[in-house]
Amino acid sequence: MKVGFGSDHAGVELKLTLMEYLKEKGYECVDYGNYDANDRNDDYPVYGRKTAEAVMRGEVDKGVVICGTGVGISLAANKVPGIRCCVCSEPYSARMSVEHNNANMLSMGAR
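Numbering (the numbering used here), first residue to last: 2 to 112.
Calculated directly from the structure, the hints in this document are not laboratory data.
This one's a predicted model, so the numbers in the text were calculated from it and none came from an experiment.
Take the hints with a grain of salt, since some may be wrong.
To be verified - Subject to a maximum C-alpha distance of 25 Å in a straight line, what follows is the list of computed DSS-like cross-link-like pairs (lysine-lysine):
id: 1; residue 1: Lys63; residue 2: Lys80
id: 2; residue 1: Lys24; residue 2: Lys80
id: 3; residue 1: Lys63; residue 2: Lys26
id: 4; residue 1: Lys63; residue 2: Lys51
As the list claims (entries may be wrong) - Cβ pair distances, simulated, as ranges:
id: 5; residue 1: Lys24; residue 2: Glu91; range: 17 to 25 Å
id: 6; residue 1: Asn39; residue 2: Pro82; range: 27 to 35 Å
id: 7; residue 1: Asp32; residue 2: Gly69; range: 17 to 25 Å
id: 8; residue 1: Arg41; residue 2: Asn102; range: 32 to 40 Å
id: 9; residue 1: Arg96; residue 2: Asp44; range: 28 to 36 Å
id: 10; residue 1: Ser90; residue 2: Asn39; range: 35 to 43 Å
id: 11; residue 1: Asp62; residue 2: Tyr93; range: 29 to 37 Å
id: 12; residue 1: Tyr93; residue 2: Asp37; range: 27 to 35 Å
id: 13; residue 1: Glu100; residue 2: Asn42; range: 35 to 43 Å
id: 14; residue 1: Val72; residue 2: Asp40; range: 15 to 23 Å
id: 15; residue 1: Leu17; residue 2: Glu60; range: 28 to 36 Å
id: 16; residue 1: Tyr36; residue 2: Met97; range: 12 to 20 Å
id: 17; residue 1: Asp44; residue 2: Glu100; range: 27 to 35 Å
id: 18; residue 1: Tyr36; residue 2: Ser90; range: 19 to 27 Å
Where is the CB? At the ideal position from N, CA and C, for every residue including glycine.
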């Protein structure tokens, strides 16, 4: 499975940690930015949309987006037609979002 990742500066460290973990499990990961945790001029909607559009184009199978709370970037992702991005902070909600709501993206808060 190929998973796309996007984050603002607040989510860069968590994003990189998750990508490393999934790569060890055999997943292919694609990073759609932000790449710099010190770049406070970034804009989370850019990375939420960029990752969501990659999911819809079929470049990746699923998407994970991360900002400070997970809320703002999920709202940006959900503006892309066909995206169902859920904010989850524990495994049960993530699993149920996929099984019952057909979620194709997960959003998380890094703070």
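Unmet hints by their number, sorted upward, for this structure: 2, 10, 11, 15 and 16
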